[in-house]
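Chemist: Turn these sequences into a full structure, and let the hints guide you.
2 protein chains.
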Amino acid sequence: MKIHVLLSPLNADELYFTGKTVVVVDVLRATTTIITALKNGAKKITPVESVDFAVKVSGGISGGHTLLAGERNTLMVEGFALGNSPLEFTEEAVKDKSIILFTTNGSKAIVRAKFAENLLIASFNNVSAIANRLAELGNDVEILCAGSNGMFCVEDTVCAGWIISAIQEKTEDVELSDSAKASLVLKKHFGKRILKMLKDSEHGQLLIGNGFEEDLKVAAEVDSTDLVPVYVQGEIIAPDFSGSKKSKPEKK
Amino acid sequence: MKIHVLLSPLNADELYFTGKTVVVVDVLRATTTIITALKNGAKKITPVESVDFAVKVSGGISGGHTLLAGERNTLMVEGFALGNSPLEFTEEAVKDKSIILFTTNGSKAIVRAKFAENLLIASFNNVSAIANRLAELGNDVEILCAGSNGMFCVEDTVCAGWIISAIQEKTEDVELSDSAKASLVLKKHFGKRILKMLKDSEHGQLLIGNGFEEDLKVAAEVDSTDLVPVYVQGEIIAPDFSGSKKSKPEKK
Chain A
0 MKIHVLLSPL NADELYFTGK TVVVVDVLRA TTTIITALKN GAKKITPVES
50 VDFAVKVSGG ISGGHTLLAG ERNTLMVEGF ALGNSPLEFT EEAVKDKSII
100 LFTTNGSKAI VRAKFAENLL IASFNNVSAI ANRLAELGND VEILCAGSNG
150 MFCVEDTVCA GWIISAIQEK TEDVELSDSA KASLVLKKHF GKRILKMLKD
200 SEHGQLLIGN GFEEDLKVAA EVDSTDLVPV YVQGEIIAPD FSGSKKSKPE
250 KK
Chain B
0 MKIHVLLSPL NADELYFTGK TVVVVDVLRA TTTIITALKN GAKKITPVES
50 VDFAVKVSGG ISGGHTLLAG ERNTLMVEGF ALGNSPLEFT EEAVKDKSII
100 LFTTNGSKAI VRAKFAENLL IASFNNVSAI ANRLAELGND VEILCAGSNG
150 MFCVEDTVCA GWIISAIQEK TEDVELSDSA KASLVLKKHF GKRILKMLKD
200 SEHGQLLIGN GFEEDLKVAA EVDSTDLVPV YVQGEIIAPD FSGSKKSKPE
250 KK
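Chains as they are written, first to last, in numbering that gives the first Met the number 0: chain A, 0 to 251; chain B, 0 to 251.
Read the hints as simulated data drawn from the structure, not as lab findings. There could be a bad hint or two in this list.
The list makes no distinction among identical chains, and a pair is therefore deemed to hold if it is satisfied within one copy or across any two copies.
[Stated by the list, open to error] Mimicking BS3-like on lysine-lysine, the simulated pairs with C-alpha atoms at most 30 Å apart in a straight line are: (1) Lys19 to Lys198; (2) Lys191 to Lys94; (3) Lys94 to Lys1; (4) Lys94 to Lys107; (5) Lys43 to Lys113; (6) Lys195 to Lys113.
Modeler: Pasting the structure below:
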């Protein structure tokens with residue numbers, strides 16, 4: 000199994016991901032938020048590339064059961080029901096709801112990888128479950144870090160390193176690219192104190208400045224869930240993979 | 000002084016670099032080769048973005064004193080005088096010559112940063128001289144890693160970390176971005192055995208496979224020269240900065 004990490008979505012175009020097994024990571028905060036929403040009973044999440052498209056898509060879906068969510072510069076988009084803080088995505092707010100999500104980095108990264116054969120959504124909250132699923136699939140893996148406005152960000156790369164480390168505990172048959180090796184080194188260095196790393200990070204600093212320090216605590220929780228959200232035909236759902244070892248999300 | 004590292008030229012567009020102090024690193028092999036050429040007496044080097052443009056530019060410049068150099072997939076472009084191996088750029092081959100250089104990653108990265116106020120060319124061969132120059136300039140610094148086909152490569156990032164580490168020895172007034180901190184961590188991990196790191200790297204493996212193992216030894220030489228090549232109005236030259244502390248390359 001070859002593992003490669005893309006440190007920014009700009010490293011490759013959409014066609015690069017065609018037919019591959021891809022994991023998208025946006026620790027602060029999109030993938031943490033998506034996982035929280037699904038854990039709290041959201042039916043599905045539709046990630047979109049633009050606010051305009053979010054509004055357009057929402058028009059076609061039955062009103063009360065669909066929520067518009069997302070942020071610009073970390074703050075809730077005006078007129079949306081929810082921002083991008085995992086703390087807003089409570090059971091009360093999202094249970095049985097469909098959510099349309101626009102974020103600066105994460106939702107765009109997911110859409111960029113839309114031609115993947117398997118597209119999994121990861122954060123520190125589900126690293127072990129993700130690693131288990133990837134080991135079950137047995138395919139080569141591309142871990143796509145959402146980064147920050149096209150640039151590297153430390154927290155996504157450390158999370159990628161964590162996933163690689165967890166895969167290595169399951170199988171010896173792992174071949175690492177330069178970026179995967181570097182992610183492992185960064186995981187070993189920064190991974191011992193995740194919350195501190197998040198607080199010191201550029202994006203963490205921005206969030207703290209905008210009043211979202213509590214979000215960092217949620218993002219720092221390792222393995223708080225077994226959910227493995229997948230993107231299938233435009234929507235993120237959380238299928239039950241506990242049955243078959245080689246099961247795939249059903250395509251509609 | 001703020002220091003930031005771009006781990007791929009694709010992380011930002013051309014305008015991002017406008018007015019900034021930028022250092023381009025392509026250890027394997029463009030910046031190593033450029034430094035070698037200038038050390039061996041080449042008059043100037045014109046980096047270009049395409050083979051077509053290399054041929055076009057060469058037409059307008061006096062024949063015998065201009066050499067076309069460059070590679071595609073590590074191998075010399077057909078019809079060119081030189082490839083991209085530093086070992087080809089001997090004094091005999093390049094003294095007093097102008098060189099037009101096309102390479103897969105490095106020459107393109109330099110051209111991408113063309114709107115920089117100061118554009119310096121670095122490899123392990125001149126890390127200390129580069130750090131000295133940057134400390135003299137005192138500006139914020141963007142280190143642009145040429146990477147590999149838009150992706151991260153370990154050797155450029157470790158070299159970036161080395162430059163940062165050398166700047167930190169000169170001045171305490173240094174603020175590091177996430178990517179700069181990560182580059183420092185990778186420098187500490189991989190920098191102890193540079194030649195081994197190069198041999199193990201993806202690009203190093205490719206070069207070894209294509210018969211360029213000796214190039215890695217040249218690329219691994221730390222501080223083999225004091226040259227600080229700069230890109231000014233389309234050409235890379237090696238000015239003498241030994242005079243004024245705040246001197247700038249003269250614009251023609």
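Chemist: All hints are to be evaluated individually against the structure, with a verdict given for each.
Modeler: Okay, the hints, checked on the actual structure:
For the identical chains of this complex, Lys19 and Lys198 are inter-copy neighbours only, at 28 Å across copies versus 33 Å inside a copy, given an alpha-carbon limit of 30 Å. For the identical chains of this complex, Lys191 and Lys94 are neighbours neither inside a copy (34 Å) nor across copies (53 Å), given an alpha-carbon limit of 30 Å. With identical chains, the CA atoms of Lys94 and Lys1 are never at most 30 Å apart, being 38 Å at best within one copy and 45 Å at best between copies. For the identical chains of this complex, Lys94 and Lys107 are intra-copy neighbours only, at 24 Å inside a copy versus 50 Å across copies, given an alpha-carbon limit of 30 Å.
Within a single copy, Lys43 and Lys113 get their C-alpha atoms as close as 16 Å, which meets the 30 Å cut-off; across copies the closest is 46 Å, which misses it. Taking the shortest alpha-carbon separations for Lys195 and Lys113, neither the intra-copy value of 33 Å nor the inter-copy value of 38 Å comes in at or below 30 Å.
Hint compliance for this structure: hints 2, 3 and 6 are broken, all remaining hints hold.
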